[in-house]
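S.K.: Just so you know, the protein sequences line up as chains C and R, in that order.
Under numbering that gives the first Met the number 0, the very last position in the first sequence is 318; numbers go up by exactly one each time.
Under numbering that gives the first Met the number 0, the very last position in the second sequence is 316; numbers go up by exactly one each time.
In case anyone wonders, no lab produced these hints; they're calculated from the structure.
Quick caveat, the model's predicted, so the values are computed rather than measured.
Certain hints may be false.
Going by beta-carbon spacing under 7 Å, a handful of chain R positions derived as facing chain C [as the list claims (entries may be wrong)]:
#1 112
#2 194
#3 197
#4 288
#5 308
C-beta: ideal position from N, C-alpha, C; glycine also.
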Amino acid sequence: MDRLERLVNLVAALLETPRPLTRFEIGERIEGYSADPQAFRRNFERDKDLLRQMGFPLVTETDPGQPEEVGYRIPRELYELPDPGLEDAELAALRLAASAVQVEGEWPDEAVVMALRKLGGAVGDTGRRRQAPASEPTGLAALPAGEAAATAFAAVAERRRVTFTYHGEERLVDPWRLSFHRGHWYLAGMDHGRAGERLFRLDRLESPMTPTGPAAAFARPDRAQTAPPPAWRLGEEEEQIARLLVDADHVKWARQALGEEALRETRPDGSVVFEVAVTSPASFRSFVLGYLEHAEILGPPSLRADMVSWLQHIAGARQ
Amino acid sequence: MSREAADARLGRLLAIVPWIASHDGPTLDEVCRRFGVAERDLLADLNLLFMCGVYPFTPDVLIDVNIADGRVWINMADYFRRPLRLNPQEALALVAAGRAFLAVPGADPEGALATALDKLQTVLAVEPGALDDGLEVELGAVAPGVLDALRSAARDRTKVRIDYYSFGRDRYSTRLVHPWRVFSSGGQWYLSGWCETVAAERLFRLDRIVSLYATSERFELPPETTGVGRGAVYEPGPDEPVWVLDLKPPAHWIAEQYPNDSVEARPDGILRVRLRSSQTAWIERLLLRAGDQLEVVQGDVTLAGVAATRLLGRYEP
């Protein structure tokens, strides 16, 4: 007998039953399982693993009538995707977006096709390979993603707490927002151990992320920081306002990096003075060195002196 | 009979059944088109469904599948009246793609994609509105005019002239480019194409284009364009000068952030990095940032000192 047929029957039985089914009942009621207890056990374990991997909400419960044995069922309210009522034009727009932007993870490429099918079909798709209209080449953007991003997204949607290890510490976090910024995924949320809002870069997690506890476990604030501040704002030192002069032909790049709000003065030769709040002078020096001889720290004197002695040291050491 | 894995078939079947059941005899053709499945595979799945149902498998509890005149009806499958919820990977893959596409400058913030994402939020979240702004995607800074102009030039196969800042060489130049492909990778927008000025394939970062001029000159795509400009990372050629650098712990970030050939852990917490670059400005920045936390093992040992002296000229006239 086909394994697929057995799986369809198993899912139907687990969805239809009002009370948990014991292993024995499953073996009796589902065609396709072996009469040999060993083989049945092995096959049932394999089927359970496959269903859980695919995201079936297979729960283990004890029937009050048979308290000595656990049973299994799939609660409908956890299984069923509510109908979002997508129009065909909306499905087509989703399909176009999904063919232009590849969210690449450690999961099959089919994930997005599967998602579209559940929503009512990837309209207009004729083959297994996704085809985009000629006017819109595939691969407009690629977003690398991992399991942590998927887990975090589900947790954000369900407002379910997550645990993971970060900088050597176990964290318990209320996940507020997930963001993709400069090529990295970040999770913003309330870190219970630190009793404050924190931003976690997901590729720096030191353990898998695990959802824990019930859904709707916390309220989410209206705002959360979704991108890290620039490196020169990440230090512990007392804030200084640096004045940075940038030559005219590099002003465009400095404006992109520092933002319009940092712009203080445009000089007649087109060069511009920016004012930047700095709490990590070393990171700021690194940033300014990126401009080579096209930028100069005007003040405060301590930051300027730090840059001069840094450069003198290098110039002296290598002469 | 196809040899697809059971999970792929199960997932597809459990998505298709509720749709057919809730429509009055759709054509097989429409089902195939909508769900991206070959008719042969669909028929194999539907034939199998005939035999499925729940205990005690009497006719009244078996799924009722009818195929006639190229149309299909399904009854008696109430336990499969809705598809399975999206699993986390599926939800992220779809919503992130949608959010990203909406973040492309020029996307219609109130079009079908936006309304589709709004509707999706209501079924993914625990309560309406709970997912609002829960996911944010940034594809990279770019002037909308530049992106639009490049995308339409790539579509029309017309050459563009760009004033470009080469970060690696710290130099401005004007180039005539065949725009093959515009794409975002790692949070940056890129243009890949043929640069007529240097007669070579080049990758340009859109945020370093100072100005852009469309032309009406047409170009031909090279025959092999499928993988064009896939890798967005700067890839040095094999002939470029080799640098071997010893990094003390405070400079270890260089091993992580700069593309390199190899990293070797040495005694005393030293990382020995080997990289290749002929781009003087690029290597100068690296050396100046690392200061005395870095030692040049192979490469021009005078470069950093010369560069530092040049920069000092600004501070000590």
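S.K.: Which hints, by number, does the structure contradict?
M.R.: Checked against the structure, the hints that fail are numbers 2, 3, while the rest are satisfied.
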